[in-house]
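Protein sequence lines correspond, in order, to chains A and B.
Note that UniProt numbering has the first sequence beginning at 1, numbered continuously upward.
Note that UniProt numbering has the second sequence beginning at 1, numbered continuously upward.
Read the hints as simulated data drawn from the structure, not as lab findings.
A quick note: this is a predicted structure, and the numbers were derived from the prediction, not measured.
Any given hint could turn out to be false.
[To be verified] Anything over 10 Å on all C-beta distances counts as not near chain B; from chain A, calculated:
1. L44
2. P166
3. S204
4. G332
5. L337
6. N404
7. I462
8. I517
9. A540
10. N546
11. T548
12. T588
[As the list claims (entries may be wrong)] Covered stretches of chain B, as calculated for chain A (at least 3 residues, CB under 8 Å):
13. 202-211
14. 534-541
15. 596-607
We put the beta carbon where it would ideally sit given N, CA and C, even for glycine.
Protein chains: 2
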Amino acid sequence: MNMTLSTMEPDDVSSGTNSHCVEITPVEAQKVAQPPHRSTLQKLKTRLKETFFPDDPFRQFKGQTFNSKWILAAQYIFPILQWGPNYSFRLFKSDIISGLTIASLAIPQGISYAKLASLPPIVGLYSSFVPPLVYAVLGSSRDLAVGPVSIASLVLGSMLRQEVSPSHDPVLYLQLAFTSTFFAGVLQASLGLLRLGFIIDFLSKATLIGFMAGAAIIVSLQQLKGLLGITHFTKQMSLVPVVSSVFHRSDEWSWQTILMGVCFLTFLLLARYISMRKPKLYWISAGAPLASVILSTILVFAFKGQRHGISIIGKLQEGLNPPSWNMLRFHGTHLGLVIKTGFVTAILSLTEGIAVGRTFAALRNYQVDGNKEMMAIGIMNIIGSATSCYVTTGAFSRSAVNHNAGAKTAVSNIVMAVTVMVTLLFLMPLFQYTPNVVLAAIIITAVVGLIDIPAAYNIWKIDKFDFIVLLSAFFGVVFISVQEGLAIAIGISIFKILLQVTRPKTVILGNIPGTDIYRNVDHYKEALSIPGFLVFGIEAPINFTNTTYLKERTLRWIEEFQEDKVGKKKSSIKFLILDLSGVSSIDTTGVSLFKDLKKALENRGIQLVLVNPVGELMEKLQRSEEARDLMAHGTLYLTIGEAVAGLSSTLKAQSSSPV
Amino acid sequence: MNMTLSTMEPDDVSSGTNSHCVEITPVEAQKVAQPPHRSTLQKLKTRLKETFFPDDPFRQFKGQTFNSKWILAAQYIFPILQWGPNYSFRLFKSDIISGLTIASLAIPQGISYAKLASLPPIVGLYSSFVPPLVYAVLGSSRDLAVGPVSIASLVLGSMLRQEVSPSHDPVLYLQLAFTSTFFAGVLQASLGLLRLGFIIDFLSKATLIGFMAGAAIIVSLQQLKGLLGITHFTKQMSLVPVVSSVFHRSDEWSWQTILMGVCFLTFLLLARYISMRKPKLYWISAGAPLASVILSTILVFAFKGQRHGISIIGKLQEGLNPPSWNMLRFHGTHLGLVIKTGFVTAILSLTEGIAVGRTFAALRNYQVDGNKEMMAIGIMNIIGSATSCYVTTGAFSRSAVNHNAGAKTAVSNIVMAVTVMVTLLFLMPLFQYTPNVVLAAIIITAVVGLIDIPAAYNIWKIDKFDFIVLLSAFFGVVFISVQEGLAIAIGISIFKILLQVTRPKTVILGNIPGTDIYRNVDHYKEALSIPGFLVFGIEAPINFTNTTYLKERTLRWIEEFQEDKVGKKKSSIKFLILDLSGVSSIDTTGVSLFKDLKKALENRGIQLVLVNPVGELMEKLQRSEEARDLMAHGTLYLTIGEAVAGLSSTLKAQSSSPV
């Protein structure tokens with residue numbers, strides 16, 4: 001060992017080679033291990049598992065008896081069986097408090113969001129009764145509070161109104177809303193069942209922040225109708241028609257409505273601000289909407305506000321959810337629209353529900369299985385569509401209140417549902433005089449939280465391209481339409497990824513003096529290139545989209561490299577060392593890169609040397625007849641250091657006898 | 001230096017650390033260099049250059065005087081100015097021989113391919129006259145022989161026939177064909193001008209092989225009409241209707257036609273076989289089509305074949321290409337179809353033209369600029385559409401003959417064009433008695449070469465997934481339709497890439513004993529994991545599509561790793577070392593991975609350690625407030641070896657005082 005080192009010359013590049021602490025023969029040094037043989041079926045199995053079961057949900061079943069497998073399976077499908085038996089009065093005390101708190105939020109929000117979707121207010125309450133009960137049985141999150149949400153309500157309404165007017169044809173509109181909910185549920189449950197949950201990952205953070213901010217603006221603008229008391233309002237959603245409608249209808253503005261709206265909006269925003277500053281005072285913002293509804297209803301009732309131009313909800317039907325499976329329409333001209341609406345709302349509500357579930361699971365350190373949650377949310381919506389509910393999911397604001405109020409299990413959802421049930425059965429007449437302006441104020445307060453400027457600034461700081469995605473989502477939603485804005489942003493995000501794949505990163509590596517480490521010369525100023533060698537790293541999978549580029553780029557690197565040292569003779573590079581450590585996969589088009597490159601380099605008098613082709617790459621190169629000779633002795637090394645060391649002697653022999 | 005080594009214990013992991021040949025303090029070892037600061041604009045410039053100018057076509061202009069820049073620019077646009085001044089009689093001798101050879105192939109192929117596109121035969125000859133002249137001026141390949149090709153002809157015909165019948169409305173059909181050609185040209189030229197040439201890279205080798213084989217089958221089946229002498233033939237393209245049509249019309253089979261067809265087909269295939277075995281005899285397969293046409297025409301004329309049920313071409317118009325710009329239709333009901341047809345044929349013909357150009361450029365060791373070639377082919381088609389030509393490109397069979405016949409420059413294209421011109425002016429009446437069955441035989445012989453079974457077998461051997469893509473292209477074309485088969489195959493290919501991005505490879509690394517090298521433990525059996533550490537490598541860009549997966553997968557690796565060693569206590573892992581060398585880029589969603597992971601690991605009592613974050617990654621982590629504390633002292637190392645060495649001491653101190 002010491003012998004090797006003592007014969008070293010200080011500037012000899014080969015001396016730094018990794019394995020030189022151990023005496024090795026050149027043949028040993030070049031040994032790149034073969035990946036263990038696996039059949040196509042095995043590989044397919046691994047790949048399918050990685051794609052669809054990355055979280056390996058069945059691991060817990062391994063090594064269990066038949067009976068306990070049954071119990072585990074039942075617990076897997078119905079998480080209530082898991083925590084139910086251990087449920088205690090102590091837990092119930094926490095759950096009843098949090099359940100009542102979220103109910104006080106759920107009732108005004110339910111009515112408001114239903115109006116956002118142009119549905120009768122009572123549908124919002126129906127949707128806060130059945131779905132939470134279903135989720136309590138099927139869901140695995142302990143913090144999620146279920147109900148209608150603003151984004152899905154907005155999108156459902158704006159898409160359905162394209163074809164059907166809720167005021168002219170309310171029954172058809174309601175049918176389409178329930179059918180959309182049904183399709184949304186079927187899609188959600190299928191995504192979960194088919195383990196395709198990763199589809200929601202295609203909504204990047206930047207897309208979501210831009211989209212939500214845009215949606216918040218659009219929703220708030222829509223509320224100007226209620227806030228100003230305008231009766232003839234545009235049906236369009238985007239900025240320009242809404243603003244022009246507001247100012248064209250200034251004769252319809254009602255000062256009584258505006259005064260009431262401004263007061264309650266200030267109160268609600270203040271309550272929100274206080275709770276944000278002091279999370280312990282969560283009950284202020286949680287209770288404010290209900291307080292506003294009660295107070296405003298009393299005011300209107302006392303002063304006969306409806307006679308002074310303040311519009312009120314009006315008479316509401318009493319009673320629990322009527323069945324609605326006979327209202328599902330699977331035929332007719334609107335089927336396409338209904339499926340599309342179901343699809344978009346399904347993805348959006350899943351995104352919110354799963355993100356909320358994961359956030360609180362991380363806070364309390366338990367796991368949420370995304371795909372299983374999708375099935376729970378999907379089944380909840382399917383059942384909902386048959387019981388007069390529209391699209392529901394885990395709502396962010398409501399879940400945050402639930403968490404802060406100390407919810408321990410899904411029982412808080414049951415408490416909320418029971419409270420809503422009592423309201424539906426006995427308290428509906430009380431809402432008759434609730435003014436619409438208060439609902440508008442509640443909606444605005446809820447959506448203002450969707451505008452996340454610090455997060456947007458953070459994205460601007462980190463990645464300018466992501467910020468462009470954010471802006472395109474935002475402006476797309478504000479100026480074109482909610483669904484098109486979303487589509488544009490997703491399209492740009494995917495295009496960016498494809499572009500990244502098409503133009504993978506390639507780096508020139510240099511030796512860090514005194515070590516055996518090779519690093520990017522652009523990044524490490526001290527990294528030096530070794531005369532006669534060009535060390536070149538590819539840091540991406542090689543496939544059909546980038547094979548041509550990689551070949552052209554490699555040849556250009558060589559030319560640039562030789563031009564840099566214009567003093568030296570043109571043939572200064574003798575070896576191109578290709579570090580393949582970063583190439584995680586390759587396809588058949590990619591395999592031809594090496595053959596083509598070898599040929600092109602030979603014409604230039606340069607030898608191609610490969611370093612560290614990993615697993616799949618090694619395997620495929622060997623299976624290809626054309627590339628196999630590249631794996632011959634002297635052209636394949638385990639590390640760059642070994643390659644440089646092994647080839648330096650060849651180079652020296654060459655340079656001593658000038659050609 | 002020797003001191004360090006002499007104090008080493010043989011089994012001490014830290015002893016193998018890379019930089020230990022040089023004495024270094026721990027602080028030095030942990031130094032990961034900052035990437036040099038570059039402004040957003042600089043980065044954008046680099047990215048745009050890599051995306052659109054990877055071949056750096058303007059490099060030659062650097063450091064030139066103003067005048068020579070002008071000359072270089074003119075030579076860049078019109079390559080004829082580059083080789084023209086040096087053109088010699090010796091080169092011309094070679095070019096005239098190859099030009100005449102390809103003309104003898106171009107004339108029968110032109111007529112045949114025009115029939116394949118359901119166009120009048122003479123349009124095929126027109127298309128072999130003007131486009132070669134344009135290409136001779138603009139093109140940079142010396143071997144490309146230009147003219148109509150089978151695939152583009154097939155697709156053009158099959159797409160246009162969807163809406164317009166060439167027999168019922170021949171003028172409209174012709175107008176649509178020219179307009180499609182115009183759009184194809186505009187698209188091709190724009191792709192070149194906008195440097196978007198990489199779009200054709202999205203047609204992978206597997207897709208192309210499957211598609212071409214399928215198209216060859218479809219084309220050959222269509223020729224059964226001519227080969228069997230059937231007059232009432234289906235207009236559909238896919239396998240089932242064609243075969244059923246052949247057998248339902250067995251009463252129309254003409255034995256004279258069949259006999260003639262079989263004879264000439266045998267002759268042509270034999271000629272092709274001979275030339276393939278002995279490339280020097282290229283002239284046999286090059287001359288065979290013309291010989292067949294002449295021989296069969298004489299036979300029909302002598303025996304009055306047309307009276308015995310042998311269908312003939314019939315009277316052809318004499319004269320050069322009439323102008324056709326007045327036939328371009330930019331309005332009306334068929335505009336969508338025409339644009340779509342133009343788009344598909346543009347991409348297909350570009351793919352063939354560029355691939356042929358690159359193949360022969362590589363053989364003769366000169367460079368072809370893909371984007372410039374696209375502009376040349378595009379302008380050729382725009383001019384063609386105004387002079388009664390349909391889509392043309394560099395044809396593979398014809399270029400191979402051109403190359404084998406010794407073509408030196410694009411002058412061989414001019415010679416071919418002049419020969420075709422002479423034919424158009426004086427020899428057209430001679431083709432009156434040419435039987436259609438011979439054209440069918442010529443087409444079949446040409447397309448048989450598109451079925452590349454060895455290449456398909458090679459793909460099967462190397463990559464099973466690519467083979468699935470190949471099969472789906474093949475069966476899609478054969479059983480559904482030409483364009484849908486192509487679309488399906490491209491869709492699957494892109495889906496595969498997205499899936500790869502969504503599910504990037506992660507590997508557990510182990511130390512190769514006696515060295516400082518860390519390698520995949522699945523791949524290198526001798527690689528050992530180090531107690532207390534889990535060394536984990538991510539080999540892909542981290543972005544919004546895979547952040548969730550990577551987090552879940554990492555946590556699963558930890559659980560699996562701890563379960564393997566079930567004998568040891570649960571807390572056997574103290575450090576998770578994340579090797580980020582393979583992470584070439586990251587986006588804002590990806591940045592949150594590290595923060596989330598750190599939190600999740602802390603709950604498990606594991607410390608997260610990062611190794612070698614490169615350029616962009618390092619930069620973005622530092623710009624993100626949340627992730628910045630990850631870069632603190634003791635959690636960031638340059639190599640895995642250094643990290644293990646640095647942390648082992650911490651671990652030993654911990655384990656000596658059991659918790």
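Each hint, compared with the structure:
1. L44: violated (7 Å)
2. P166: holds (34 Å)
3. S204: violated (3 Å)
4. G332: Holds, since 27 Å exceeds 10 Å.
5. L337: Holds, because the least Cβ-Cβ distance between L337 (chain A) and chain B comes to about 22 Å, which exceeds 10 Å.
6. N404: The claim stands: N404 (chain A) keeps its Cβ more than 10 Å from every Cβ of chain B (closest is about 20 Å).
7. I462: Non-interface label on I462 (chain A) violated, nearest chain B Cβ at 5 Å vs cutoff 10 Å.
8. I517: The assertion about I517 (chain A) is violated, with a minimum of 6 Å to chain B.
9. A540: violated (6 Å)
10. N546: The assertion about N546 (chain A) is violated, with a minimum of 7 Å to chain B.
11. T548: The claim is violated: T548 (chain A) sits with its nearest Cβ about 5 Å from chain B, within 10 Å.
12. T588: The assertion about T588 (chain A) is violated, with a minimum of 5 Å to chain B.
13. 202-211: holds (count 6)
14. 534-541: holds (count 3)
15. 596-607: The restraint on the region 596-607 of chain B holds, since 4 of its residues have a Cβ under 8 Å from chain A and three suffice.
In the structure shown, a violation is registered for the earlier hints numbered 1, 3, 7, 8, 9, 10, 11 and 12, in ascending order.
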